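First to last, the protein sequences are chains A and B.
Numbering-wise, the first sequence is residues 1 to 554 according to my numbering.
Numbering-wise, the second sequence is residues 555 to 935 according to my numbering.
Simulated from the structure, these hints should not be mistaken for lab results.
Since the structure is predicted, the reported quantities are computational estimates derived from the model, not experimental observations.
Take the hints with a grain of salt, since some may be wrong.
What the hints assert, rightly or not - In the BS3-like style, the derived pairs of lysine-lysine whose C-alpha atoms are separated by at most 27 Å in a straight line are:
id, chain 1, residue 1, chain 2, residue 2
1, B, K723, B, K808
2, A, K549, A, K212
3, B, K896, A, K31
4, B, K621, B, K581
5, A, K31, B, K907
6, A, K549, A, K36
7, B, K613, A, K454
8, B, K907, B, K926
9, B, K571, A, K381
10, A, K480, A, K183
11, B, K613, A, K381
12, A, K549, A, K123
13, B, K880, B, K723
14, A, K36, B, K613
15, B, K759, B, K621
16, B, K615, A, K454
17, B, K867, B, K896
18, A, K31, B, K615
19, B, K581, B, K615
20, B, K896, A, K454
21, B, K621, B, K663
What the hints assert, rightly or not - On the chain B side, residues computed to face chain A include the following (Cβ under 7 Å):
id, residue
22, A606
23, L608
24, P628
25, E629
26, F635
27, F637
28, H639
29, H645
30, W649
31, G655
32, G660
33, K663
34, D664
35, I666
Glycine included, C-beta positions come from ideal geometry on N, C-alpha and C.
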Amino acid sequence: MNFKSKRVRLGKTSNEVLLSPSLRIDRFFSKPVYRKILDAITLIFFILVIIGPIVNIFSTIILNIPSINQIVFNDPLLGNLKWLRILGALQTSFFIATVAVIFDLILAFPIAIILTRYNFRGKAIIDALVDLPMAVPTSTLGFSLLLFWGIFGITPGLNLIILGHVVFTLPYIVRNMKIVLEKIDVLYEDAARTLGAPGITVFRTVTLPMMKEGIIAGAILAFTRSLGETGATIILAGLVETAPILIVGFRRQLELPSASLVAGILILVSLILLFSIKVITRKVGFPMKRVAPKVEKKLSHKYLRNLRDILSMVILIGFILIPAFYVITQLTGGDFIGELTGEDHKWAFLYTSIVYSIQIGALTVLITLIFGIPLAFIITKRNWGRVITLLDTLLDIPVAIPSAALGFAIFLFWGPAGLGLLQPGFSMILFVHVCFSFPYMVRPIIGVLERSNKGVEEAARTLGASDLTVFRRITLPNIKQGIIAGAIMVFTRSLGETGATIVVMGGIRTVPVLIVDWVEALAWQSAVFASIIVIIIGALLIFALRTVKIKGGN
Amino acid sequence: MPEIELVGVTKIFDEGKVLAVDNISLKIEDGDYVFLLGPSGCGKTTTLRMIAGLETPTKGKVLIDGKDIEGILPEDRDMGFIFQHFEIFMHLTVWENVTFGLEMRGYTKDYIVQKAEEALNLVDLLEYADEFPSIFGNPGLQKLGIARAIATGAKILIMDEPLGSLDPKVSKVFRHELRNLIKNLGLTAIHVTHNQEEAMAIADKIIVMRAGRILQMGTPYDLYENPNSIFVANFLGETNFLQGFVIKLLDNEKMKLWTRLGGPQLISNNFGNKFELDNNIIIAFRFEDAYIFPLNYEFDVSPHDWANIQIFKAILEESRFIGATKRFYLRLDNGDKFIAIKPGTFEENFVPKEEVLVGIHIDDMHLFLAPKNLFHELSLM
Chain A
1 MNFKSKRVRL GKTSNEVLLS PSLRIDRFFS KPVYRKILDA ITLIFFILVI
51 IGPIVNIFST IILNIPSINQ IVFNDPLLGN LKWLRILGAL QTSFFIATVA
101 VIFDLILAFP IAIILTRYNF RGKAIIDALV DLPMAVPTST LGFSLLLFWG
151 IFGITPGLNL IILGHVVFTL PYIVRNMKIV LEKIDVLYED AARTLGAPGI
201 TVFRTVTLPM MKEGIIAGAI LAFTRSLGET GATIILAGLV ETAPILIVGF
251 RRQLELPSAS LVAGILILVS LILLFSIKVI TRKVGFPMKR VAPKVEKKLS
301 HKYLRNLRDI LSMVILIGFI LIPAFYVITQ LTGGDFIGEL TGEDHKWAFL
351 YTSIVYSIQI GALTVLITLI FGIPLAFIIT KRNWGRVITL LDTLLDIPVA
401 IPSAALGFAI FLFWGPAGLG LLQPGFSMIL FVHVCFSFPY MVRPIIGVLE
451 RSNKGVEEAA RTLGASDLTV FRRITLPNIK QGIIAGAIMV FTRSLGETGA
501 TIVVMGGIRT VPVLIVDWVE ALAWQSAVFA SIIVIIIGAL LIFALRTVKI
551 KGGN
Chain B
555 MPEIELVGVT KIFDEGKVLA VDNISLKIED GDYVFLLGPS GCGKTTTLRM
605 IAGLETPTKG KVLIDGKDIE GILPEDRDMG FIFQHFEIFM HLTVWENVTF
655 GLEMRGYTKD YIVQKAEEAL NLVDLLEYAD EFPSIFGNPG LQKLGIARAI
705 ATGAKILIMD EPLGSLDPKV SKVFRHELRN LIKNLGLTAI HVTHNQEEAM
755 AIADKIIVMR AGRILQMGTP YDLYENPNSI FVANFLGETN FLQGFVIKLL
805 DNEKMKLWTR LGGPQLISNN FGNKFELDNN IIIAFRFEDA YIFPLNYEFD
855 VSPHDWANIQ IFKAILEESR FIGATKRFYL RLDNGDKFIA IKPGTFEENF
905 VPKEEVLVGI HIDDMHLFLA PKNLFHELSL M
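If we strip away everything but chain A, and leave its shape as in the complex, we get (with noise of 0.2 Å):
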């Protein structure tokens, strides 16, 4: 007799009575057939929505060889200038966000130890204000700036370029560097310090080599937020051509395959980019072997330390936070209004692309949630092994490849080049978001499972709870806190992305397009207002972030 197919029960006695219904639905669905019905819409969701469109672009390169090389090298008319101009935006795009991330690395490290390590009136705030240009759309954030630096003079190009790259490259940086402090006990600090180590000694050769995952994960974050960056980049590129600039150029045109080459050469460096980073650092460490005990000494010095400090502050406040929202100064009196309600009636354009934007948002974060949950049990809880690990990796590619190649792989994959199932607009813009963002609704999940304590799980099961009664009842409260600071990322992510919408949006405006678009069409006083309102829900969704974090944390 199989005892597996069939469930008896030890110890029953007569004052059983039937079991509630909720718990009978979770005993039914808690046959292991019904979870690996579940895994397998999760993998096939999973390979299908997110990896798919990515493996797609490259077939579709090798496909399309004769006509790129007709088009791109050897046109009748150009010859290969399409080419070169291709290298040259390409060049660009890897010479700005290298820069920026080097100012960002530059300018982290004392903020992320002031943030972390000091204690301040009005460090919360700074925090917080530190964060919010990650809720922000870019192109506000491009917006305000072109106001801002326009005072002194700075005129659109690659400097105005890179100094919004910064301000929100900068937040992912900060953030990853904060978390890994915090993690890090600052007894090891002491200990080094009690051991006749100088804070900077310190520092390198105690702290530094134990923030080295945090570090390149928010330096590689930073890396292909700035490579694939659309909405500011086109408010403040003036002449300068980027690689997105390009692809939404080529888009627009219907250049199918130069644009399919730009992306697939943005995302196989993306890619390489990741995987070699990931592998070297790995294997290699920091310098941390030799010291120079009186050198180190001086450097450490209070005054020194001091400067540091002010300084980093007075850049971050001077050079990121004040340009980055100088744009809410910018409200004049009834010129918005009349602006708004003027002919065209740009109000209704506003109300339906925040509507939009939300409704996109909101979407985006039901369907993340409800394959999140599902492939963050599978990476956590099987053992498959090399699968695993695999699953685990791939997790990382939509985060790692810029937004405005990634827009264009999926536009190619479901649209009508491809499979034909959608259309440009409304479902397309949310497929995209819902790639884009997945990772960041999957790792905070996996993050808490991996924290949360399997013998509570245990416990349960041994009380008499089915697997589905043990996760609704028990690892479900247990989790709540990264399901809602993955679901704040998501929403934030989908309401401030510009490049990979651009890409797919057909008829469709969200905020941060439409924002793009009043600022090339000159009305500046309505995209004002509208960059208020998205810094608004911007402002609220960090805060949001903090409460729960704040929660989670006891």
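Starting from the structure of chain A, add chain B where the hints point.
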């Protein structure tokens, strides 16, 4: 009534790389309070988890009342489980924690209330029913863990280091309460621990495990008085080990031993001629079984009483007073060291670094064939 039996149970982890439990068989009678005792990594927790259904045996059977329970999920096994780290549902109130298992069994409301109140009463937590468990310290959390496990009416109680997270002093009081509770409820209980003192104090029976195998099982008295291996002798109680070899077989099942490197010569039992001439031997004796006398002690009793006590000289290195007992650190001529303990009230005026006489009763000497690697046998792993 529940009776647990394991037949040839084996558990291999990590695709054949780790043999956690190696072909063990045991039987636990109804109403017994049995301890699985062993150093960490000996497979005792894995054995427990296989009984509870949290792990599946690679080979072998788990029988409850003679019935194979393979394939029955942990939620259907109706066993109470108590965890080292309590695993209390911190997001539920004390009451909700205790009623959880009852609710899962689909009992009526009235019955749930009755049983939960009974269980909370048994551990004196009823007044905290509406609080969240975060108000408790470790002892309170474990009391709740116990209430939660027994509330369901399970007749088998499984405990994985239930006192391991408690302060040593608290745990000494707590363990007797735990035993009383189990005995009053008439449960069949399995208790895993690495703490030999805890096992000796409250077990009906102890099963000593090492490296996935069962070394010995029996009552605390059996195990203490008749350890079947160097490991058990070492693990239970405090024991000295001296090395020596057989130099002469005597009649009436006795033999003459010579300790290592020209140490003292001793007469000992030869348990049914178990040992032969020239065998290398390990002589084990408890700290409390070594008597010490001043060098000029006059054994003024008739020789007959002393016939079974082996007397030899040793140097007293140091003596320490630790309250209830005194410890004497001694050294033989050959450099081997051993310890003797006496009650704290023991009056002595020994001079450190001087010679004393040591006496051991012949029946207090446990003899084992010398293993290839004594250090390995004595390591608590």
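Against the structure, the hints come out as follows:
A hinted pair counts as satisfied when its Cα atoms are at most 27 Å apart, and B:K723 with B:K808 does not qualify at roughly 44 Å. Straight-line distance between C-alpha atoms of A:K549 and A:K212 comes to about 23 Å, which keeps the hinted pair within the 27 Å bound. For the given pair, B:K896 sits about 62 Å from A:K31 by alpha-carbon distance, which is inconsistent with the 27 Å threshold. Of the pairs offered as hints, the one joining B:K621 and B:K581 holds, with about 13 Å between alpha carbons and a cut-off of 27 Å not exceeded.
Restraint check for A:K31 and B:K907: not satisfied, since their Cα atoms lie roughly 73 Å apart, outside the 27 Å limit. Annotation: proposed proximity of A:K549 to A:K36 is violated, straight-line Cα distance about 33 Å (limit 27 Å). Pair hint B:K613 plus A:K454 holds up; C-alpha atoms about 25 Å apart against a cutoff of 27 Å. Distance restraint check for B:K907 and B:K926: the Cα-Cα separation of roughly 33 Å exceeds the 27 Å cut-off, and the hinted pair is therefore not satisfied.
This hinted pair checks out: B:K571 and A:K381 have alpha carbons roughly 20 Å apart, not beyond 27 Å. Using a Cα cut-off of 27 Å, the hinted pair A:K480 and A:K183 holds, with the two alpha carbons roughly 21 Å apart. Among the hinted pairs, B:K613 with A:K381 is consistent with the structure: their alpha-carbon atoms are about 24 Å apart, no more than 27 Å. With a CA separation close to 16 Å, the supplied pair A:K549 and A:K123 stays within the 27 Å bound.
Distance restraint check for B:K880 and B:K723: the Cα-Cα separation of roughly 21 Å lies within the 27 Å cut-off, and the hinted pair is therefore satisfied. Restraint check for A:K36 and B:K613: satisfied, since their Cα atoms lie roughly 25 Å apart, inside the 27 Å limit. The suggested pairing of B:K759 with B:K621 holds, with an alpha-carbon distance near 23 Å, which does not exceed 27 Å. The straight-line distance between the Cα atoms of B:K615 and A:K454 is roughly 26 Å, inside the 27 Å bound, and the hint therefore holds.
Between B:K867 and B:K896 the alpha-carbon distance is near 18 Å, which keeps this suggested pair within the 27 Å criterion. Our distance criterion of 27 Å between C-alpha atoms is met by A:K31 and B:K615, whose separation comes to about 23 Å. Distance hint between B:K581 and B:K615 is fulfilled; the C-alpha atoms sit about 12 Å from each other, no more than 27 Å. Distance hint between B:K896 and A:K454 is unfulfilled; the C-alpha atoms sit about 47 Å from each other, more than 27 Å.
Pair hint B:K621 plus B:K663 does not hold up; C-alpha atoms about 32 Å apart against a cutoff of 27 Å. Nearest Cβ of chain A to the Cβ of B:A606: about 6 Å, under the 7 Å cut. The hint holds. Because the beta carbon of B:L608 sits about 6 Å from the nearest beta carbon in chain A, less than 7 Å, this interface hint is met. For B:P628, the suggested interface contact is upheld, since its CB lies about 4 Å from the closest CB of chain A, less than 7 Å.
Of the supplied interface hints, the one on B:E629 holds, with its beta-carbon coming within about 5 Å of a beta-carbon of chain A, less than 7 Å. Because the smallest distance between the Cβ of B:F635 and any Cβ of chain A comes to about 4 Å, under 7 Å, the interface hint for this residue holds. Contact between B:F637 and chain A, as hinted, is supported at the beta carbon level, the nearest pair being about 6 Å apart and thus within 7 Å. Evaluation of the B:H639 hint against chain A yields a held restraint, the C-beta minimum of about 6 Å falling below 7 Å.
A least Cβ separation of about 4 Å between B:H645 and chain A falls short of the 7 Å threshold, and the interface hint therefore holds. For B:W649, the interface hint is violated, since its Cβ never comes within 7 Å of a Cβ in chain A; the closest pair sits about 14 Å apart. Of the supplied interface hints, the one on B:G655 holds, with its beta-carbon coming within about 3 Å of a beta-carbon of chain A, less than 7 Å. The interface hint given for B:G660 is met, as the beta carbon of that residue sits about 4 Å from the closest beta carbon of chain A, less than 7 Å.
Proximity of B:K663 to chain A is violated relative to the hint, the smallest CB-CB distance being about 10 Å (cut-off 7 Å). Here the hint on B:D664 is broken, as its CB sits about 10 Å from the closest CB of chain A, past 7 Å. A distance limit of 7 Å between C-beta atoms decides the matter here; for B:I666 the minimum to chain A is near 9 Å, and the interface restraint is violated.
Hints 1, 3, 5, 6, 8, 20, 21, 30, 33, 34 and 35 from the earlier list are contradicted by this structure; the remaining hints agree with it.
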